[in-house]
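Chemist: Build the full structure now, drawing on both the sequences and the hints.
Top to bottom, those sequences are chains P and H.
Under this note's numbering, residues -11 to 315 are what the first sequence spells out, in order.
Under this note's numbering, residues 42 to 367 are what the second sequence spells out, in order.
If you're looking for bench data, these hints aren't it; they were derived computationally from the structure.
If a hint is listed, it holds; no wrong ones were tucked in.
No farther apart than 25 Å at their CA atoms in a straight line, the calculated lysine-lysine pairs in the DSS-like style are these:
| id | chain 1 | residue 1 | chain 2 | residue 2 |
| --- | --- | --- | --- | --- |
| 1 | H | Lys304 | P | Lys237 |
| 2 | P | Lys262 | H | Lys240 |
| 3 | H | Lys187 | P | Lys14 |
| 4 | P | Lys90 | P | Lys78 |
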Amino acid sequence: MLPNREACGSSDIYSLEEVSKTFEVKSGLARSVRAEIQAVSGVSFRVRPSETFGIIGETGSGKTTIAKMMLLVYRPDTGRILFEGEDISKFKDAQIRDYRRKVQTVFQDPTSSLNPRHKVRDLVEAPLKIYHQASEGKVNSLLKLVNLDDSYLQRYPHTLSGGEKQRVAIARALALNPEVLILDEPTSALDVSVQAKIIALLKDLKTRLKITYVFISHDLSLVANFCDRTLVVYRGKMCEMGETGEIFKNPLHPYTRLLLSSVPVVSDSEIRVKPADVPEEIPTVPINGHSEGCVFRDRCWLREDVCDTGPKFIDKGKEHWVACHFA
Amino acid sequence: MTSFLEINGLNLSVHSDGRVLPILSDVSLTLERSEAVAIVGETGSGKTLTARAVMGVLPKNAVIRSGTITFNGVNVLTKEGAAAAREHIAMIFQNPMSSINPLFRVEDQMNDVLNWSLHGRKETKEEKTSRIRSALEGAQCYGDGKILRMFPFQLSGGMRQRVMIAMALLRKPSLLIADEPTTALDVTTQKEILSLLTKLTKEEKMSLILITHNLGIARESSMKTYVMYAGRVVEAGPTAQIFRKPLHPYTKGLIDSIPSLDKSRSMEGIDGEIAQQDRAAVGCCFASRCSYAIDKCLTRQPELKELAPGQKVACYVAEQGGLRVV
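Modeler: Right, dumping it as structure tokens:
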């Protein structure tokens, strides 16, 4: 059974049902299709109101593609994305406008997501102007929300530090009172000391404004400290999903265990959290034939013949879902 | 006895718009053969410039005001010394894509490095190819020479970084400077690259300077750690000891900022950022952000003092045993 079919109320903010997306690689003068890349395949999950839902995975695992589909940048090839029970791909102009107000995003690199020729005031005011909500004092109160004072209003992005820029980006995302913030690696360009401050700010805003976060990251320690539930993806497929604490305490998928064991840590107590059964060196054994099997089997040290048929994503109890024959 | 690499009281400034800005103040560092040291600190702490001073590849507007750098007994700050040292030092950078030429095949780029290092001596094509192959193998780049014919864009991030390491290994350096070598990589690839670097220090007796802002990496891949702040070394000592018992408030703040796997840390963070005026401050460079600061910290720069075996700290509060009390 897939998680979207479980008995869950319509109270969910998001419900993704078997969402897939394939990109075509074109080359040559005729732009003929040379290859297809399955960026996301059969992804289903639900995001509950006021929770922080984490998506973790390596480069190319499809986490940003999932976010872009949720933001209506791409349309899924198959499957549906329901927002408050409604299919977002069926939205018409007015609904899209309303949806874009409710769902905002913060990107990884604030330097490229803030227009360098605009002052902080204009940057934060831009969404308000588009939605005819601009008013005296609104920008000031937004900046106050992210702990920046009025002196920042007339400054340009290049005069700000990385942390301050990201605060401006967060203020802009909050301008229209969104219900959901999609955070795509918002702190990976920052120093740890600044990252800690931004994460504290996001936690504080969540309790004050009752927003739902979808948090995309490759930093497992950060997800452990920030997310209520976590989804682990690998090459576009779901590996494991559940309560964050449960996943870190009892990782069932070998890929999750590999990720956990690879994190560099700074204290002895954290080493004890790392799974002990992951081999030091893992040779990659190429997959031949069967394209349906488990996506992780080329790197998996537990691999057996049964892995050539895809494992189902099943609930192992306590809403801890995993796709592995040996879990 | 002198060490393999010794930086002593290095002061460096940058000339910009007719002003002279101090960047590094009184930086000292020692490194032995086959030893791995880590330099950690936030953006703007001076980690990279310290390494570039060793390599002799400073920006044009940077001037060394005082201090010495000796590598293997040779003064690196003279023109001849720098040329001699560069024969034995190699450096790898954060983003492999920007340090490899995207227009040339891996083989051609590696050949260039070889030809340059031969200084006009002749070597047959076979000799060169075998040296390139053994360097690639040393960097765990397998694949029967297929990689040689590839362009950089055809390689994954991890493979590119391995090619960079292979290029650095071509000349069998006795010192490798790795400037944030894994920042752009996934955790699993990062672990492979770091264990490769550790293996090279053990088996090839290579010394390693690892520059990183990720303290976890410093802890797992170095023997000594130097913590830098605003162009000064504020704490230095054996890595395990520093992480178990950081004495400088900045080191402690950095460690407390790191999210922990087992949620054992508060993730407090440190307010503010490194400001240019901290570099020229009369008092302690960290005083403006330090929650432990006392009056003395604002009037005089504390000196590095050995407060625990091998562990040097520049902090008045730590001298008084203050961090433990608070």
